[in-house]
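For this one, chain A is given, so just place chain B on it according to the hints.
Same order as they appear, the protein sequences are chains A and B. Numbered according to the working numbering, the first sequence terminates at residue 330, and the numbering increases by one at each position without gaps. Numbered according to the working numbering, the second sequence terminates at residue 660, and the numbering increases by one at each position without gaps.
Chain B is faced by these chain A residues, among others (derived, beta-carbon under 8 Å):
no., residue
1, 90
2, 92
3, 130
4, 139
These are computed hints drawn from the structure, not numbers from a lab. Keep in mind that this is a model prediction, so the values were computed, not measured. Beta carbons: idealized from backbone N, C-alpha and C, even for Gly.
What follows is the residue order along each chain.
There are 2 protein chains.
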Amino acid sequence: MRSSPEFELIAAIRDRLGSPAGGRLRVGIGDDAAVTVPGGATATTIDAVVDGVHFRRRDAPPEAIGRKALAAALSDLAAMGAEPGEAYVWLGRPEDLGRDEILAICDGLAAAAREAGVVVAGGDLTGSPVLALTVAAVGHADAPGSFVGRAGAQAGDAVCVTGALGGAAAGLMLLENPRLGEGLDPGLADGLRRRQLAPSPRLAAGRALAAGGASAMIDLSDGLGADCEHLAAASRVGVEIEMERVPLSPGVAELAAEAGRDRFELAVGGEDYELLCAVPRSRLAAATGGVEAAGGTLTEIGVAVDVPGVRLRLRGGRSLPVDGHDHLRR
Amino acid sequence: MRSSPEFELIAAIRDRLGSPAGGRLRVGIGDDAAVTVPGGATATTIDAVVDGVHFRRRDAPPEAIGRKALAAALSDLAAMGAEPGEAYVWLGRPEDLGRDEILAICDGLAAAAREAGVVVAGGDLTGSPVLALTVAAVGHADAPGSFVGRAGAQAGDAVCVTGALGGAAAGLMLLENPRLGEGLDPGLADGLRRRQLAPSPRLAAGRALAAGGASAMIDLSDGLGADCEHLAAASRVGVEIEMERVPLSPGVAELAAEAGRDRFELAVGGEDYELLCAVPRSRLAAATGGVEAAGGTLTEIGVAVDVPGVRLRLRGGRSLPVDGHDHLRR
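Pulled out of the complex, with its shape left as it was, chain A reads as follows:
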């Protein structure tokens, strides 16, 4: 973090984001690097959100930008079944991004970190022509085998999702087309926009699925089709999804009808940050119960099969294309 005129700003950022040493954290924000004592095994990921690609400053309140940046990284940890640990944040600051906006972004980061049980242990602030945040996140487990990867699904395993899909894509439609959604209940419309702007990582559900015997897991960031492909390829299986079984977020079906689109297209749209997993049939009841005990829901939507490839089946023998439209631009 740079030169003297910025000292006051850096201090204000530290006030919002810093944590006292404690638990695994021995030295937090303020040195060249944070010092931790991990123990067991760690899962580490890096993710970024960029203005114009993953959000638009004109649509997204600054708190939501901070929340989304952290959520995107923590969702990867959720998909490993990791216990959340530490986050490291880079903020690229355009010249027109003022102090208040920066601190509001930090408030969003801090709130999301608190909710997730994550410590912001380090960061960097530099100039940048475009507002961007990168978050590296570290999660923990007692041993490497406690994490759940993408490989491990076997033919016959149930394929399941947490929560409901389509909300983030519907929220993006509402943000991009303000005249849409006039027939929607305003509370529902707000909920959909929030799914796009400030998603919640499914950390508790991820840990429950790891403990409950999920054989493979991935978070739904790229879209149901693309993420099924990632899981199928890593596990060397195929995946058949019955789209009619996919739970849709409230308001998605109504908005799709208003826009003249198939509601299931929105469910493959990406950025819902729910978890997709494979679960051996013998563990399905236990896994479902574990997710419910963690405050979530788990729905069986398909099956892993021997035939490679991913099929997103609709009623009547049709299938959806697997490539969702996950971002404002690619």
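Coordinates of chain B only, in the frame set by chain A:
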């Protein structure tokens, strides 16, 4: 990493950057997160380089961009005295950044990682209006107390630098003003440009200084004055530097003379990525010997004092201002 048309590119990137599991690394690039078994203690940092701020695409070969991104993060680990471990890279890709340029950036990352003994364990590639790389780096030690922080310098400690300073600032002058440097030996001019474009993190020297008893350490990224201030503030001491004792990179004095600038201004210019440290006098010979055994040099350039603040003394009682000009823009 995103949708199907990019699969081939992602595979080519993995070929360049990926490492097989081994040692601490249990799962590398390709899952939601990398899995490691750290043992002991970790030091973790995040740093970024952005086109127009830390480099310019028109000046910097793509390999150098990859090298600089990794060096900036690893330099923080060097300043902790950490054993290098894993790096996680985000690449923000503008639409006009082609496949070959991306792979050349990865070649630079891979070469710098190999030289440093670092494994690239994860990454992310997304669209971005501007070319930017963020690197999170994790280093290791047997225990948290083995790392050297910024706090710990005591009045009376010698203040030392590794290597020589001013090369990065001189290299930036050459890149920004192609008519400068005509009187310089071309090999020297190339060396100066390389100090700016593709610095080397001082990992071996940092480990030697941690083992040799350095009481506080920081890397020289912001500039000698600003980084002395960081170390002084964290250690609650003052720092007096005798600029005449600061070793200058070959060619710096000649270029400063040609440009009509004080050569020591270039030495406070930042981005040299050498290490600044405080060493108790009783350990100075051992620390110096340790750095030399690691292939580097250590020079005493000043002293930690009771009076707060940083003074960069020139001959004749004058002082340099402490705020270096560290980047193309702030």
